[in-house]
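Residue strings, one per chain:
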Amino acid sequence: MRIRLDVNGRRTEAAVEPRTLLSDFLRHDLGLTGTHVGCEHGVCGACTVQVDGEPVRSCLMFAVQADGRDVRTVEALADDGALHPLQRAFNEHHALQCGFCTPGFLMSLEPFVRDRPDASDEEIREALAGNLCRCTGYEGIVEAVRQAAREPR
Amino acid sequence: MKPAPFHYEAPRTVAAALALLGADAKILAGGQSLVPIMNFRLARPATLVDVNRVDELAYLRKRDGVLHIGAMARHATLERSEMVARGWPLLRQAVRHVAHHQIRTRGTVGGSCAHGDPTAELPVALAALDARFHLRSRAGERSLGAAEFFVSHLTTALRDDELLVEIEVPPLPAAARTAFAEHARTHGDWAIAGAAVVVAPGHAAIALLGAAPTPLRASEAEAVLAAGGDAAEAARLAGALADGEWRTALTTALVRRALAEAGA
Numbered sequence: 001m002r003i004r005l006d007v008n009g010r011r012t013e014a015a016v017e018p019r020t021l022l023s024d025f026l027r028h029d030l031g032l033t034g035t036h037v038g039c040e041h042g043v044c045g046a047c048t049v050q051v052d053g054e055p056v057r058s059c060l061m062f063a064v065q066a067d068g069r070d071v072r073t074v075e076a077l078a079d080d081g082a083l084h085p086l087q088r089a090f091n092e093h094h095a096l097q098c099g100f101c102t103p104g105f106l107m108s109l110e111p112f113v114r115d116r117p118d119a120s121d122e123e124i125r126e127a128l129a130g131n132l133c134r135c136t137g138y139e140g141i142v143e144a145v146r147q148a149a150r151e152p153r
Numbered sequence: 001m002k003p004a005p006f007h008y009e010a011p012r013t014v015a016a017a018l019a020l021l022g023a024d025a026k027i028l029a030g031g032q033s034l035v036p037i038m039n040f041r042l043a044r045p046a047t048l049v050d051v052n053r054v055d056e057l058a059y060l061r062k063r064d065g066v067l068h069i070g071a072m073a074r075h076a077t078l079e080r081s082e083m084v085a086r087g088w089p090l091l092r093q094a095v096r097h098v099a100h101h102q103i104r105t106r107g108t109v110g111g112s113c114a115h116g117d118p119t120a121e122l123p124v125a126l127a128a129l130d131a132r133f134h135l136r137s138r139a140g141e142r143s144l145g146a147a148e149f150f151v152s153h154l155t156t157a158l159r160d161d162e163l164l165v166e167i168e169v170p171p172l173p174a175a176a177r178t179a180f181a182e183h184a185r186t187h188g189d190w191a192i193a194g195a196a197v198v199v200a201p202g203h204a205a206i207a208l209l210g211a212a213p214t215p216l217r218a219s220e221a222e223a224v225l226a227a228g229g230d231a232a233e234a235a236r237l238a239g240a241l242a243d244g245e246w247r248t249a250l251t252t253a254l255v256r257r258a259l260a261e262a263g264a
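Protein sequences, first through last, are from chains C and U. All residue numbers for the first sequence refer to the working numbering, where the first residue is 1 and numbers rise by one. All residue numbers for the second sequence refer to the working numbering, where the first residue is 1 and numbers rise by one.
Because the hints were derived from the structure by calculation, they are not lab data. You may find that some hints are simply not true.
Said to hold, decoys possible - If the Cβ cut is set under 8 Å, some of the chain C residues that face chain U in the computed set are: (1) M1; (2) L21; (3) G42; (4) G45; (5) T48; (6) V56; (7) M61; (8) Q65; (9) S108; (10) D118; (11) V142.
Unchecked claim - Computed beta-carbon distance windows for the label pairs: (12) C:H28 to U:A16: 29 to 39 Å; (13) U:A15 to C:N91: 28 to 38 Å; (14) C:P117 to U:V66: 33 to 43 Å; (15) U:A15 to C:A14: 26 to 36 Å; (16) C:R2 to U:D55: 17 to 27 Å; (17) U:M83 to C:G68: 20 to 30 Å.
Backbone N, C-alpha and C fix where the C-beta goes; we use that ideal spot for every residue, glycine too.
Please construct the entire structure, taking both the sequences and the accompanying hints into account.
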């Protein structure tokens with residue numbers, strides 16, 4: 001099936017099989033390998049991208065369902081090489097080690113740090129509960145999100 | 001893993017969707033339960049009827065005090081609705097326990113009900129609220145209460161040719177207070193047990209999660225409470241409906257907690 005969608009602000013057209021997951025379409029067809037694939041059943045959060053501004057699991061959506069939608073992946077965060085404030089905060093607070101889960105965290109939390117400058121630590125923990133990290137123990141991630149949320153834009 | 005091949009249809013209207021339904025077709029709503037089981041190849045539908053573009057099913061409406069939830073209203077839409085929070089706070093209390101934010105942005109109220117998982121939160125809350133489920137097929141329409149709609153584990157009264165189109169929720173009794181409590185091993189994980197309660201003068205509704213293959217109303221406990229009886233006794237009666245010692249203890253504690261939160 002032919003689909004037409006915006007990916008990271010770029011108009012994209014492609015032919016896809018209906019069973020192609022959005023995660024595989026982004027990685028294999030478009031070469032956007034920043035979106036990682038972990039569990040493929042919606043638990044780990046590594047594949048999280050934004051569709052029409054909302055964080056979603058790209059492994060639980062078919063690419064055909066993204067026809068006509070606006071998809072953002074982690075590749076859209078940095079501005080001409082300058083890290084997004086959330087990426088910079090992850091770097092500064094050692095909020096990643098191996099980095100496999102990081103794109104999912106970033107795409108889940110980017111709207112949150114934009115909209116919730118006053119979020120409590122409990123709210124931050126709840127916001128990142130849908131993403132699993134096996135390296136950091138999460139403390140650095142909570143600190144990074146707190147810093148990015150508080151940062152004036 | 002990846003899903004097996006299937007034939008894909010994406011109708012734009014309810015009528016077009018109904019024309020596609022049948023024994024080898026599966027309806028794709030938010031996909032947060034169906035796509036994982038397709039990825040595992042536990043489900044291999046020949047035809048997938050994707051109703052995500054049926055805009056006429058994506059609504060939340062209040063008419064004459066009654067809440068009408070279109071089957072394709074997303075969990076996140078329900079969660080953010082101030083109209084729902086004011087009139088039916090139990091729905092916001094319950095939906096916040098549904099998985100995680102990134103699931104609720106896709107998951108739908110209708111999909112969650114049609115899936116029929118006895119540990120899902122919204123079916124339990126809707127059972128406590130005396131919701132009606134509206135089903136439509138090419139042959140006509142019928143409306144069922146929760147006790148008839150939910151049949152067993154992952155089984156509802158929906159026939160192969162039927163689509164759940166709307167869930168209708170009556171207004172709460174005057175001065176009602178509501179609460180939802182559940183226990184899951186980690187935040188956002190499937191709940192093991194839980195309770196949704198509505199308490200008002202002369203009225204009590206207690207629906208249990210995980211105590212049976214469907215949401216279960218604890219009618220004996222409700223009668224005790226509605227007659228002005230003791231909340232601890234009501235919780236004991238409700239908990240006794242769950243099988244096994246630990247599940248009874250857990251359910252009793254959760255009902256007790258929910259009732260306390262609702263001021264009973």
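request  = Of all the hints given earlier, name the ones this structure violates by number, lowest first.
outcome  = 10, 11 and 13
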